[in-house]
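Please take these sequences and the hints and turn them into a complete structure.
For the sequence shown, position 153 (counting from the first letter as 1) is numbered 166 according to the working numbering, and the numbering increases by one without interruption.
No lab work stands behind these hints, which were simulated from the structure alone.
Quantities reported herein were computed from a predicted structural model and do not represent experimental measurements.
Watch out, some of these pointers could steer you wrong.
To be verified - Straight-line C-alpha distance at most 35 Å; calculated DSBU-like pairs for lysine-lysine:
1) Lys132 x Lys145
2) Lys259 x Lys128
3) Lys325 x Lys281
4) Lys246 x Lys221
5) Lys214 x Lys139
6) Lys214 x Lys242
7) Lys242 x Lys207
8) Lys259 x Lys120
9) Lys132 x Lys214
10) Lys311 x Lys300
11) Lys311 x Lys374
12) Lys214 x Lys145
To be verified - Beta-carbon label-pair distances, calculated as ranges:
13) Tyr340 x Ser403: 14 to 24 Å
14) Asn125 x Glu323: 29 to 39 Å
15) Lys471 x Asn112: 52 to 62 Å
16) Phe406 x Arg476: 14 to 24 Å
17) Asn125 x Lys404: 49 to 59 Å
18) Gly146 x Asn112: 52 to 62 Å
19) Leu362 x Met293: 30 to 40 Å
20) Gly126 x Arg194: 26 to 36 Å
Cβ atoms here follow ideal geometry from the backbone N, Cα and C, with glycine treated the same way.
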Amino acid sequence: MGRYIFPFLISIILLWSPSVSEAGLNNFFAKFKKDRVEESVASARNKEHVRLYTNTCAQEQTINELILGINRTSGDSYSLEVIEKTPPPPPYDVPVVINKDVERFIKHFQTNGKKYFTKWLSRSGKYMPMIKGILRENDLPEDLAYLALIESGFSPHARSHANAVGIWQFMLWTGRYNGLRTDWWIDERKDPEKASKAAAKHLGDLYKQFDSWYLAAAGYNAGAGRIRKAIRKNHSRDFWEIAKNKRTLKRETRNYIPKYLAAMIVAKNPEEYGFHNIKMQEPIAYKKIPVEGPTDIKVIARAAGVSLSEIKSLNPELRRWFTPPDYPGYEIRIPADKSEFYADNMARLPKQARLKFHKHKVRSGDTLSTIAESYRTSVNPIMYLNNLKSKSFIRAGSTLFVPVRVGTKTKRIRKRFVKATIPIEGTHIVRSGDTLWDLSMRYKIPVKSMLKWNKIKKSDTLRPGQRLLIEDKELLEAKADKKPQKIALTDGGKG
Numbered sequence: 014m015g016r017y018i019f020p021f022l023i024s025i026i027l028l029w030s031p032s033v034s035e036a037g038l039n040n041f042f043a044k045f046k047k048d049r050v051e052e053s054v055a056s057a058r059n060k061e062h063v064r065l066y067t068n069t070c071a072q073e074q075t076i077n078e079l080i081l082g083i084n085r086t087s088g089d090s091y092s093l094e095v096i097e098k099t100p101p102p103p104p105y106d107v108p109v110v111i112n113k114d115v116e117r118f119i120k121h122f123q124t125n126g127k128k129y130f131t132k133w134l135s136r137s138g139k140y141m142p143m144i145k146g147i148l149r150e151n152d153l154p155e156d157l158a159y160l161a162l163i164e165s166g167f168s169p170h171a172r173s174h175a176n177a178v179g180i181w182q183f184m185l186w187t188g189r190y191n192g193l194r195t196d197w198w199i200d201e202r203k204d205p206e207k208a209s210k211a212a213a214k215h216l217g218d219l220y221k222q223f224d225s226w227y228l229a230a231a232g233y234n235a236g237a238g239r240i241r242k243a244i245r246k247n248h249s250r251d252f253w254e255i256a257k258n259k260r261t262l263k264r265e266t267r268n269y270i271p272k273y274l275a276a277m278i279v280a281k282n283p284e285e286y287g288f289h290n291i292k293m294q295e296p297i298a299y300k301k302i303p304v305e306g307p308t309d310i311k312v313i314a315r316a317a318g319v320s321l322s323e324i325k326s327l328n329p330e331l332r333r334w335f336t337p338p339d340y341p342g343y344e345i346r347i348p349a350d351k352s353e354f355y356a357d358n359m360a361r362l363p364k365q366a367r368l369k370f371h372k373h374k375v376r377s378g379d380t381l382s383t384i385a386e387s388y389r390t391s392v393n394p395i396m397y398l399n400n401l402k403s404k405s406f407i408r409a410g411s412t413l414f415v416p417v418r419v420g421t422k423t424k425r426i427r428k429r430f431v432k433a434t435i436p437i438e439g440t441h442i443v444r445s446g447d448t449l450w451d452l453s454m455r456y457k458i459p460v461k462s463m464l465k466w467n468k469i470k471k472s473d474t475l476r477p478g479q480r481l482l483i484e485d486k487e488l489l490e491a492k493a494d495k496k497p498q499k500i501a502l503t504d505g506g507k508g
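Spelled out as structure tokens, the structure:
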């Protein structure tokens with residue numbers, strides 16, 4: 014109690030003393046404030062949990078400001094600063110808690126995880142400016158960008174055991190719900206920019222539900238429903254209290270916030286935690302240019318004067334070798350310094366040169382599946398390019414347009430097609446819908462015999478285009494000795 018009476022008595026003495034100047038009074042209180050700061054710091058270090066809070070909006074002066082002082086930064090954000098005891102920590106715009114779990118992950122990143130964490134830090138330079146910009150545009154804390162550090166290590170091609178994909182590790186339906194397209198042509202979960210915008214939307218929605226960035230981040234990991242259930246069961250909205258109950262949250266989610274905080278702290282202070290001379294990758298610089306119709310990405314690379322791998326790196330969402338034909342206004346990313354060169358070249362390029370097609374004349378017995386397999390493509394683009402509504406009906410004698418890669422020789426494709434679809438005596442080319450039972454009835458052969466001759470199991474799935482023996486191999490060889498057969502690889506693909 015004496016520590017409160019002492020300043021009071023001193024104040025009275027000073028007020029009654031005419032010899033004390035205003036400067037002397039200021040010096041006295043400056044010294045008094047410094048002593049209180051040192052006392053407060055010592056007290057805080059004895060506690061098990063040290064909490065460092067930050068805020069992004071202007072507030073009235075608090076007791077913490079009076080006692081410890083606040084290091085103001087631009088934009089009215091501030092971070093806790095211990096005067097004359099430690100260097101000011103980097104500003105945070107989410108609450109920061111340092112406890113045993115956080116320290117455990119910091120140590121992991123410094124030891125066993127140092128090799129991959131170094132790689133993550135290096136890769137962060139490529140995407141961090143773009144991600145922080147998106148978060149800033151959405152009025153969200155920029156430090157949420159470090160969630161991507163622990164989600165994927167900033168790898169657009171990252172895929173989890175649960176099939177979460179991309180930098181932000183979106184599951185299929187969560188991605189679609191937040192506006193990301195995923196189909197045969199494209200997977201926008203791999204698009205760093207679009208996925209970051211979707212993540213910003215998702216995190217913003219979660220924060221509106223829980224009014225806590227820790228619970229919002231936990232909801233990003235486990236799902237909002239599970240967090241709501243955990244709140245009800247624990248009668249608490251404090252993440253650390255909820256995390257104590259192992260029955261309400263899985264270990265992955267209980268570790269998610271400590272891991273995130275540890276990664277953020279280390280990433281903002283790499284030198285302090287033993288990460289020296291990290292070679293940060295250069296921020297990606299590109300320009301998005303609309304593509305008119307499906308275009309081979311080899312053609313795009315040539316028009317831009319860059320390698321195919323560079324175009325693939327800038328556009329990791331593309332799943333095929335040409336841009337999606339059913340995506341009006343699709344934009345391709347071109348290196349910023351090549352954008353004008355690319356635009357000039359594409360303007361002079363005839364539309365028919367942007368994607369190479371082969372005309373295939375449909376013959377009796379053809380199916381879309383066998384045609385697609387022979388051209389090493391899928392049924393989807395053939396159906397789309399030929400405006401087909403059904404996979405089951407194509408007419409013999411009609412012509413189909415089949416997309417082929419630039420540089421592929423048409424003659425070789427035709428030979429491969431003929432080889433795959435002309436039946437040899439004693440064999441059957443599997444068509445869509447064929448079953449062993451159907452073939453057994455058609456050729457009057459026991460299913461067991463076909464299984465034996467083809468070395469397959471009854472549970473095996475028949476693939477369209479697969480060749481099956483429907484006669485004993487020894488009998489076929491005996492026939493071949495008497496009457497040799499030649500399979501003519503004629504050009505049947507002209508349209």
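So which of the earlier hints does this model not fit?
-> Hint 18 alone not satisfied by this model.
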